[in-house]
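Protein chains in written order, with the numbering used here: chain E, 5 to 77; chain B, 99 to 333.
Among the clues, some could well be false.
For lysine-lysine, the following DSSO-like pairs were computed, each having C-alpha atoms within a straight-line distance of at most 30 Å [unchecked claim]: (1) B/Lys152 with B/Lys197; (2) B/Lys321 with E/Lys8; (3) E/Lys8 with B/Lys167; (4) B/Lys253 with E/Lys8; (5) E/Lys8 with B/Lys250.
No wet-lab data here; the hints were simulated from the structure.
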Amino acid sequence: MHDKLIGYLLGALEVEEVTHVEQLLEADDVRQQLELLRRSLAPLEADRSAAEVPPQLAIRTCQRIRVLRASAT
Amino acid sequence: MTLERAIDSLLKLDRDTWKCQTVMTKTLQSDETKPSVSPDNISDEELLVRFRDKADVDSFEQLVHRYEKPIYTYLARYLRNAALAEDVFQATFLRVFEKSHLFTDGRRVRPWLYSIATHQAIDVLRKEGRHPSLSLDEEHTLNHDDVGTLLKLVKSREPSGFEKLEEHERATWTRAAVDELPDHLRVFILLIYFQGLSYREAAEAFDMPIGTVKTRVHKALIKLNVAWRRDHPDE
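Chain B extracted, bound-state conformation:
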């Protein structure tokens, strides 16, 4: 069986079956346990290079543990589906395992991982008939009308308007409003606002000019504030 076929087959394994296998085979490590060879003060880049150049699997596993929470929570938000997020998380690190030779010196691991995770997620969504796009087909610079629009929107709103809602109402509204954003804008809100990537890291992840990333974040904020006005006209 080729490695690719093996991956496909395993990805199709029933999740519960997999969990049973996991429990039976081990108990390998507790949640807190990290591979012992790689202490936390080693950079992500060094871990990946150790794995790439010396086949040091402990270093690879350290990276999986480091990024368990950030990559999973990102995928859960992006895919809006916990089960799919779990599958894509695993597919992401399988991909990293197989393609570490494509990681070039001088790159940063964090944007590279988010790039792989996003592309894996897009593949899954396409298979499901959704067609997200991270297209570059738009202007790369922020125009002054956009800035003006955003300032006008916030100037006309009471600073405390949003706080008038109950906490869960606000969270529900926010989730729905972010979900309504076109994918090519939403992904940057998720990466930058929720995952804490810098503009530069987000640009690096998708091989885009930083100006494009800024424009998209700005446009996303305008859309969110327009949606706020639409849904809360009295505030």
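Isolated chain E, as found in the complex:
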């Protein structure tokens, strides 16, 4: 069950598994376990900032591929 609870906290479960975990969470002891396990994620939570995407990266990538296609034909 713990792996399911960790998966639930991580958002790593499929929809049907989430439903199952939510049913389990109706029990007090399972909710307590969940809160304990939530603490195990604390060391990760501080760094949610994502790197800034370089300007026009997708556009430049598409353009590069067009150049490659042209040079290959």
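Fit chain B to the known structure of chain E by using the hints.
Using the frame of chain E, we list chain B on its own:
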């Protein structure tokens, strides 16, 4: 010139030169502009299949735009180097462009893209003398000692211990602690925690049993919590 050689040559182009070329040749589209043919409500899978089966380049480009941020931010975290992340991002989509015929019906695009991006990144790291491994050589199931260890670690810690640090200290610590993880664990923390893949998608990306993915995530969490205890013994 073969296509592969052309790719190698272009990947070696100086980045600034490339940027100049980009500016000179166009201004093709603004950041917000997406290829016009493919509206956002078309699934990733449909876009890829349109490209694979009908050579619909607009659909391919729509995918590049959709995944610009997620794949780049993933690569930046994985490689810890913005310039390399940019190169690998481009190499990833070149690979998708060339190998779309390998995408089989019934697969999901998201894990497939992350798989390609990760393997491209690993190739680059190997060329640089780093040797990341996503080896399968370990147990595939979670054992009870691991669960016990994690619960013991968190039970003995004050719930608020981590919040006592300044925000930037916490972020710095987290980044360093994640970087310290072995690659075969770190990649799953990046994919699942930071990129939001499900266990199933992560397993699909690396053709691994879901149990292995869960085990690795769990082991990574234990290591992170052990590192926390090591670095903050008073809390």
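Taking the hints in turn, this is what the structure says about them:
Taking the CA atoms of B/Lys152 and B/Lys197, the gap is near 14 Å; set against the 30 Å cutoff, the hint holds. The suggested pairing of B/Lys321 with E/Lys8 holds, with an alpha-carbon distance near 19 Å, which does not exceed 30 Å. Restraint check for E/Lys8 and B/Lys167: the C-alpha separation of about 29 Å stays at or below 30 Å, so the hint holds. Simply put, B/Lys253 and E/Lys8 have alpha-carbon atoms about 19 Å apart, close enough for the 30 Å limit, and the pair holds.
Taking the CA atoms of E/Lys8 and B/Lys250, the gap is about 18 Å. The hint holds against a cut of 30 Å.
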